[in-house]
Amino acid sequence: NAGVTQTPKFQVLKTGQSMTLQCAQDMNHNSMYWYRQDPGMGLRLIYYSASEGTTDKGEVPNGYNVSRLNKREFSLRLESAAPSQTSVYFCASRTTGGNNSPLHFGNGTRLTVT
Amino acid sequence: AQSVAQPEDQVNVAEGNPLTVKCTYSVSGNPYLFWYVQYPNRGLQFLLKYITGDNLVKGSYGFEAEFNKSQTSFHLKKPSALVSDSALYFCAVRDPRGRDDKIIFGKGTRHHFLT
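Heads up: the protein sequence lines correspond to chains A and B, in order.
So the first sequence is numbered by my numbering: it starts at 194 and just counts up by one.
So the second sequence is numbered by my numbering: it starts at 735 and just counts up by one.
Treat the hints as calculated values from the structure; they're not laboratory data.
Some hints could be false.
What the hints assert, rightly or not - Sample of chain A residues at the chain B side, in silico, Cβ under 7 Å:
id, residue
1, Ser224
2, Pro232
3, Gly246
4, Asp249
5, Asn293
6, Pro295
7, Asn300
As the list claims (entries may be wrong) - With a Cα cut of at most 25 Å, we get these calculated BS3-like pairs of lysine-lysine:
id, chain 1, residue 1, chain 2, residue 2
8, B, Lys792, A, Lys264
9, B, Lys841, A, Lys202
10, A, Lys264, A, Lys207
11, B, Lys836, B, Lys803
12, B, Lys841, B, Lys792
13, B, Lys841, B, Lys812
14, B, Lys841, B, Lys756
15, B, Lys812, B, Lys836
16, B, Lys841, B, Lys803
17, B, Lys803, A, Lys250
18, A, Lys250, B, Lys836
19, B, Lys841, B, Lys811
Note that the structure is predicted; figures quoted are calculated from it, not measured.
A virtual CB, placed ideally from N, CA and C, is assigned to each residue, including glycine.
With the sequences and hints as input, model every part of the structure.
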């Protein structure tokens with residue numbers, strides 16, 4: 194029972210490099226999310242997708258792009274990484290069968306940009 | 735647009751004493767509110783959620799939360815804290831009238847076990 198799977202677990206990038214963080218869920222959830230966690234800033238929403246084929250900006254979308262590839266997968270892309278994007282990134286998903294169904298989180302990706 | 739605030743960065747409670755972690759919110763209408771916990775070097779786990787009409791909601795690990803509509807608060811409580819409750823606690827809110835599914839979090843409150 195995998196739940197939400199994020200890859201990679203760790204990544205180090207140089208400034209200006211690009212990369213894609215992968216997220217997949219096997220719970221048939223409609224909604225998927227990307228958050229970043231920084232000390233003292235809590236969890237901030239980057240992008241989310243309420244259904245396959247739709248994406249919306251969250252609180253801090255600048256410098257990121259997303260793709261909802263299908264119902265299972267939601268990827269986050271950094272086109273030109275900056276040190277300010279050093280963070281822990283969490284993917285989450287939830288069913289929209291109930292209005293207050295909770296989020297299920299992946300284990301996170303720790304990204305360092307030098 | 736919805737917002738959520740956790741006014742305390744940290745709370746320190748001795749084992750056996752009551753633990754309270756505060757959360758206030760701003761949405762239009764009845765909110766969808768949640769509490770999550772993050773143990774050291776772990777991911778986030780769901781603790782409990784507000785259910786419309788229930789002012790006291792019970793959740794996992796002996797936690798409960800008190801909803802107060804007039805004060806727009808949803809404080810997390812545990813009557814008798816354990817050492818193992820040392821963690822980072824997050825409050826989250828979803829606007830019920832939003833046509834999308836945006837869920838935002840507070841900045842988190844860290845609970846340290848007070849010796």
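*If any of the earlier hints don't hold here, list their numbers in rising order.*
As far as the earlier hints go, 2, 3, 8, 10, 15, 17 are violated by this structure, in ascending order.
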